[in-house]
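Undergrad: Chain residues, written in single-letter form:
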Amino acid sequence: MFVSPIREPLIQGHKTYAQMSDDIIGPVEAKPTKTWMLAVTCTALLAITGFVMIGLTITYGIGLWGLNKTIGWAWDITNFVWWIGIGHAGTLISAILLIFRQKWRTGVNRSAEAMTIFAVMCAGLFPLIHMGRIWLAFFIFPYPNTRGPVWSNFNSPLLWDVFAISTYFTVSLLFWYVGLIPDLATVRDRAKTAFRKKIYNVFSFGWTGTAKQWQRFESLSLVLAGLSTPLVLSVHTIVSFDFATSVIPGWHTTIFPPYFVAGAIFSGFAMVLTLMLVVRKIFHLEDYITLSHIESMNKIIILTGSIVGVAYITELFTAWYSQNQYEQYAFINRSMGPYAWSYWGMMTCNVISPQLFWFRKLRRSVVFTFFMSIVINIGMWFERFVIIVTSLHRDYIVSSWSYYTPTYVEVFIYLGTIGFFMTLFLIFAKVAPVIALAEVKSILKSAGDQYIGEHAAHAHHTEDAGHGHYETLIKPQ
Amino acid sequence: MSGKKVLFGLFDDEHVLLDAVKGVRAEGFKITEVMTPFPVHGLDEAMGLRMTKLHSAGFLFGATGTLTALGFITWISTVNYPINYGGKPYFSLPAWIPITFELTVLFAAVGMTLTYLYLNRLAPGIKHRILDERITSHMFAMSFEIDADTSDARKAEIRKALEANGAVEIHEQDLD
Chain A
310 MFVSPIREPL IQGHKTYAQM SDDIIGPVEA KPTKTWMLAV TCTALLAITG
360 FVMIGLTITY GIGLWGLNKT IGWAWDITNF VWWIGIGHAG TLISAILLIF
410 RQKWRTGVNR SAEAMTIFAV MCAGLFPLIH MGRIWLAFFI FPYPNTRGPV
460 WSNFNSPLLW DVFAISTYFT VSLLFWYVGL IPDLATVRDR AKTAFRKKIY
510 NVFSFGWTGT AKQWQRFESL SLVLAGLSTP LVLSVHTIVS FDFATSVIPG
560 WHTTIFPPYF VAGAIFSGFA MVLTLMLVVR KIFHLEDYIT LSHIESMNKI
610 IILTGSIVGV AYITELFTAW YSQNQYEQYA FINRSMGPYA WSYWGMMTCN
660 VISPQLFWFR KLRRSVVFTF FMSIVINIGM WFERFVIIVT SLHRDYIVSS
710 WSYYTPTYVE VFIYLGTIGF FMTLFLIFAK VAPVIALAEV KSILKSAGDQ
760 YIGEHAAHAH HTEDAGHGHY ETLIKPQ
Chain B
23 MSGKKVLFGL FDDEHVLLDA VKGVRAEGFK ITEVMTPFPV HGLDEAMGLR
73 MTKLHSAGFL FGATGTLTAL GFITWISTVN YPINYGGKPY FSLPAWIPIT
123 FELTVLFAAV GMTLTYLYLN RLAPGIKHRI LDERITSHMF AMSFEIDADT
173 SDARKAEIRK ALEANGAVEI HEQDLD
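Respectively, the protein sequence lines represent chains A and B.
Counting in our numbering, the first sequence runs from 310 upward without gaps.
Counting in our numbering, the second sequence runs from 23 upward without gaps.
Next up, chain B with everything else stripped away, as it sits in the complex (with noise of 0.2 Å):
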């Protein structure tokens, strides 16, 4: 029991959210997450979270695809066990291609999937607790992470900010 516990409001509208969002954060407040429904944009930013950078992983996994193929087919047609079709050279590039780029866009697009999915703690069967079960369907939900000790005065403060941001409710929770 290490006494953690969350203080979370519900808003119901994704602008007063991303401005409430901003306006506790120039009050001085560090939120620990917000939720919500559907991708909000600008909320990353107004957050000031940094940028992904998933996407430069999909072009490493695509490199490899593409140099996987390419390598392979030229080690299996030049040196392994070449074979003559159609008086064409060994190394014929150009007929290469097709599934160079398959592998290129199956690498990157299998990886980076995996890499998404294991960055964002995803997987069958894993439980992630659900603050409230509205934040998935119409509730955008900010919550701040306090514990046992977190002093009466500083809970008010938090509440006092959220409620004067617009959020409709606030609720409080252990995280044990």
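Extracted from the complex, chain A is given alone in its bound form (with noise of 0.2 Å):
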């Protein structure tokens, strides 16, 4: 196959398949550190105090968050759609770019999906504890019942939002699994004690790499993507509907789906982010979570950055077009009004920082990506509750105009499902291996260093290229 001179190897430092087991592996099998052990009982101690909150408003009632008659929803759905907007980022990298063939995924590609799983469980949780009746949570799905039988409503988005979320999770869940089914083989097989070997068989489904185990796998992942990829676009498509389909002045916008699914993709990778350069640092996993990677999610950053700039600039231009007053009353509150700090905030974040990334210096370093990494996220905190609050707080009645400010049990909440996330992730990223590995090994030859750019140390055949397949090509002279 040919590879263009001006891509640049995945995978640095001359690996071999044996060496890539190793590093890989090799966290999961090292005794925790002190490190991981204390960031694991931070967050832990964070999440168990989120869930004393929850306990709280589940046995008082939702009376103990701010909300009131006129701001009905406000920190329970901003930080459901956040949260379900990360979670995007992890199929957009397993999914379409499997689709579109970018090998750069496979170094990301297996926390990407995690994180995806794990968020989606925070996003869950909001609006069912927003119901103020948990134990009656199981009347959103259709169930026989005695009542006539009175189903749920098909017809509202809200409806769709459960299958919507349902089905993402799920399906999300079955293809991070399958992908993870032949890695955990890899750590079974290595194991030295007989406990482990036991552990990891469960785990990984005896799997032993049999060459129609492949074929049937590689199959399986390619249908999982094309039904991944319409999926997670239809799910913030469908979180959107929420706001869409209502007749609020600042919500009732056609524009909000496309809307919707870039920010949450522009967000998701601002999370992918965070989470890889801390794993790729603690791990040492330089050599596989590359510049090169980085610099690409970047790319990806300033594209739907860029596309949710335009969304801010055309819901403007739409209020004063349409000639409603309500509407563009609802802009001009948002811009100028009690909340005009929080819409500041939000175009600062997500219009103006993402454009610094045209400079291939910036999206090149870590420290910055970092940086930028962590006020994407919280752009996008505000630009939900923007969208939410100020568009709730003064409603077409003056006398009903109000003001929200969230009280500590809500505050604990939010910060007690990124405690829990957290913990999740790093529990993960302990007991699996955070790198897809066989799919890392399958790239070596066309994407490894000693293959391909200026170091390589075996020239290659270009010309062989219509043998057809495109992975095996390269051979080593």
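There could be a bad hint or two in this list.
Derived, one-sided and incomplete: chain A residues facing chain B with beta-carbon distance under 8 Å [what the hints assert, rightly or not]: (1) 325; (2) 483; (3) 532.
No lab work stands behind these hints: they were computed from the structure.
Think of the CB as a built atom: it goes at the ideal place given N, C-alpha and C, for glycine as much as any other residue.
Make the complex out of the two chains shown on their own, each in a separate frame, by following the hints.
TA: Dropping the structure here:
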């Protein structure tokens, strides 16, 4: 296969397959370090605090929150949309980039998929506790009952959301685990103790790696990717329908679906970078998550960040062009009303700051990228807060205008989900390979630095491209 | 004790393995199984394996999902307990597209994954024979089924073919 000379190697350090297993599974086999223990303790404590606050909310009701008659959705739904959005990057990396044959995705897809699953778990908590009476949560599913039977309303976007989120969670989980099976088998076969072997044999489902198994594996991965691609676009589209199908000025716009999807991918990539830059450092995976990977992700951030920016400006234009006074007021109030601080916070973090990534130096700077990934996540949280709270707080009757501030219960529930998310991620990173080992091995010959790039030790054929397979053709001489 | 045995060669590079599969087959040997640490493109063709029909199963599961969703929602909203939502028709197909789509994807993904696990004989706790512990890490194995009656001459032939095609190690194992 012809590899363009501008393609950078995606695997550094002249790795062999055995070394790759050592590098990537080594951290799983090593004893937990003090740093890891300390980090898990802190995040778990934060998570427990959050769950205590959720317990209080369930016991005493959502009167413990700062919501009022005018502002019925605030931090809860903001956090829900924020977490769901973060999940989207994982599916984008594993599904859409698989279909586009982007090899760099193999370095980050495993962690990104894990992130998706944990983020969706955090997201799912919020609508449940927002219901107030969580023990009746099963009402949202259509089930035969003795009240008629009265079923759920299939015309409601809120019900569509139930189906979208639960399908998204299930499919992401399957996709992630199917990919994990062969790597867990590698951990099993390297295990030194019988106990460890037993545990990993259970979780690796008895994988042996026969040609037929791999053939089915590839077929399944491709179809799951094909299914996940429209699925991931549908999930945030449906989340945006929760708003767009209502008649609240500021929500009732047709631009919402693409705007929400772009925002979701934007924030998701920021979160992937936050996690990967830490994982890369702690587990010494610089050879597998290279500057080239980081740069690729930053390019997606510029693209989606710019789409989000254009969407903000289009909203303003549409409000003016509609000549609808309620719509116009909603946007004047956003940018100059009592919540102007959040609007300008959002504008700065989401529209202006990602444009700095046009500079190659900044795109390839680890420290700057880490800083930006935090800024973008703050910005995207503000975006959901702006959309939800500023649109609600001044409704049609001036007498019911209000202002919302969160209570400590809401603040700690939010921080608690961050703790929960981090705890799950840290545990995952300790018990399973954070890099999709088998997939990275399969690109070694076409993306390893001994085969391509300026330090290539082996010359490679480009003329036998007619052979038909695309990853097995670069032979070491 | 049926005396079943396996003779296998280990390779350390997928290109050598791929050529070896072709070479050994051209010499008329029947390969029982090839095991690799990662998917090797072109291996199924070289081994003469049939294309998997797994994706067809996926389509059937997906179609089941579509029909289940549409049928169920239609029955509920037009027959079992019709409710007038905002003056819209009982049969409001466009509003049901999202749920129909989600169930299509859900059925296809879950059904196909279960089929995959079944066909590959994968389940929590199942134990399969592991010929060599390096096969899931960095070695590639090509195995031949033999039994107690297999003559030494035949074994030597297979060994020779494996060696000539680049196997770095050759082992024999009892299957019982």
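Undergrad: Just to be careful: measuring from the Cβ of residue 532/A to every Cβ in chain B, is the smallest value less than 8 Å?
TA: Holds: closest Cβ of chain B sits about 5 Å from residue 532/A, inside 8 Å.
Undergrad: Min Cβ distance, residue 325/A to chain B: is it shorter than 8 Å?
TA: For residue 325/A, the interface hint holds, since the closest Cβ of chain B sits about 7 Å away, which is under 8 Å.
Undergrad: Under 8 Å is the threshold here; is the Cβ of residue 483/A close enough to any Cβ of chain B for the hint to stand?
TA: It holds, given that the least Cβ distance between residue 483/A and chain B is near 5 Å, below 8 Å.
Violated hints are absent here; each numbered hint is respected by the structure.
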